[in-house]
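Engineer: Sequence:
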Amino acid sequence: MSVRGDGTAGTRCRAQVTDAKLEREVLTSERLYQSAIFDLVREEVRLDDDVVIRRDFVDHPGAVAIVALREPSGAPEVLLIRQYRHPVRAALWEVPAGLLDVAGEAPLAAAQRELAEEADLTASRWDVLTDYFTSPGASNESLRIYLAREVAEVPEPERHTRVEEEAEMISCWVPLDEAVAAVHAGRIHNPSAVIGILAAASARSKKWAGLRSVEATWLQ
0 MSVRGDGTAG TRCRAQVTDA KLEREVLTSE RLYQSAIFDL VREEVRLDDD
50 VVIRRDFVDH PGAVAIVALR EPSGAPEVLL IRQYRHPVRA ALWEVPAGLL
100 DVAGEAPLAA AQRELAEEAD LTASRWDVLT DYFTSPGASN ESLRIYLARE
150 VAEVPEPERH TRVEEEAEMI SCWVPLDEAV AAVHAGRIHN PSAVIGILAA
200 ASARSKKWAG LRSVEATWLQ
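Numbering (numbering that gives the first Met the number 0), first residue to last: 0 to 219.
In case anyone wonders, no lab produced these hints; they're calculated from the structure. Treat the hints with caution; some may be incorrect.
Okay, derived cross-link-like pairs now, SDA-like style, lysine to any residue, Cα gap no bigger than 25 Å in a straight line [claimed, not checked]:
1. Lys206 <-> Val150
2. Lys206 <-> Thr216
3. Lys206 <-> Glu165
4. Lys205 <-> Arg69
5. Lys205 <-> Val57
6. Lys205 <-> Arg124
7. Lys205 <-> Val179
8. Lys206 <-> Leu21
9. Lys20 <-> Ser212
10. Lys20 <-> Trp172
11. Lys20 <-> Pro106
12. Lys205 <-> Asp100
13. Lys205 <-> Asp126
14. Lys20 <-> Leu218
15. Lys20 <-> Arg124
16. Lys206 <-> Val182
17. Lys20 <-> Ala115
18. Lys20 <-> Pro190
19. Lys20 <-> Glu76
20. Lys205 <-> Tyr131
21. Lys20 <-> Gly136
22. Lys205 <-> Ala180
23. Lys205 <-> Glu167
24. Lys206 <-> Pro135
25. Lys20 <-> Gly73
26. Lys205 <-> Trp172
27. Lys206 <-> Ser123
28. Lys205 <-> Asp18
29. Lys206 <-> Gly73
30. Lys20 <-> Asp38
31. Lys206 <-> Asp55
32. Lys205 <-> Arg161
33. Lys206 <-> Gln219
34. Lys20 <-> Val182
35. Lys205 <-> Pro190
36. Lys205 <-> Ser134
Build out the structure end to end from the sequences listed, making use of the hints.
Structural biologist: Set out below in structure tokens:
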């Protein structure tokens, strides 16, 4: 559905605001660099007014993230993990997350696997919190954030052995309200954590009404 206004700044939209796929004619496509995780691509694209533009972007497989919640005393707590991220030279508090890099693996299955591998948890209840593009001007990476509830610990003999940066990870349960305060105070920087925490707080304020099914359409 298109969104129409009268052309002036601040015009009230006359239709529902909804992102939608829009295909442009791709004239050329060149893979400049390939890595184990992502590629760098250069494309020439024709716009509707016949203007041709050239854009370089990261071709990414996509990812999932998980906001795991528990309510031991009626007040929700969110699981956060701290992991070293070399590109930003920082140890960041994050929510469990991972790439969609296993051939044929459904996004929900990937989220369940990542929750078990990074947090030693399973969950009986899953919903979609939100979806987002991490940096749509420079990458096609699309990320879905799930809400995982009714959690349980993975038995110790069945736990995943973490290596490299993941071997240094620590995790802890944080009251959701405190996590929200940390986001607003600028103490949490990971985008999936920021978006997931705020989305979870918003959903809780509505008594979890409006959460989408794990089968919900995903703009990838």
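Engineer: Regarding the pair lysine 206 and proline 135, is the alpha-carbon distance no greater than 25 Å?
Structural biologist: violated (31 Å)
Engineer: Do the alpha carbons of lysine 205 and arginine 124 lie within 25 Å of each other, as the hint requires?
Structural biologist: Holds. Lysine 205 to arginine 124 sits at ~18 Å (cutoff 25 Å).
Engineer: When you check the alpha-carbon spacing of lysine 206 and threonine 216, does it fall within 25 Å?
Structural biologist: holds (23 Å)
Engineer: Would the pair lysine 205 and aspartate 100 pass a check requiring their Cα atoms to be no farther apart than 25 Å?
Structural biologist: violated (34 Å)
Engineer: With a cut-off of 25 Å on the C-alpha distance, tell me whether lysine 205 and valine 179 pass.
Structural biologist: holds (16 Å)
Engineer: Can the restraint linking lysine 205 and alanine 180 be considered satisfied, given a maximum Cα separation of 25 Å?
Structural biologist: It holds: about 19 Å lies between the C-alpha atoms, which stays within 25 Å.
Engineer: Sort out whether glycine 73 lies within 25 Å of lysine 20, counting only the CA atoms.
Structural biologist: violated (41 Å)
Engineer: Run the distance test for lysine 206 versus glycine 73: straight-line Cα separation, threshold 25 Å.
Structural biologist: Holds, because 13 Å separates the two Cα atoms, which is no more than 25 Å.
Engineer: Given the proposed pairing of lysine 205 with tyrosine 131, does the C-alpha separation stay at or below 25 Å?
Structural biologist: With Cα atoms ~21 Å apart, lysine 205 and tyrosine 131 stay inside 25 Å; holds.
Engineer: Tell me if the straight-line CA distance from lysine 206 to leucine 21 falls inside 25 Å.
Structural biologist: violated (35 Å)
Engineer: Verify the proposed pairing of lysine 206 with glutamate 165, using a straight-line Cα cut of 25 Å.
Structural biologist: violated (34 Å)
Engineer: Take a quick look at whether lysine 20 and valine 182 sit within 25 Å of each other, Cα to Cα.
Structural biologist: Judged against 25 Å, a Cα distance of about 31 Å means the pair is violated.
Comparing the model with each numbered hint stated earlier shows that hints 3, 5, 8, 10, 12, 15, 17, 19, 23, 24, 25, 31, 32, 33, 34 and 36 do not hold.
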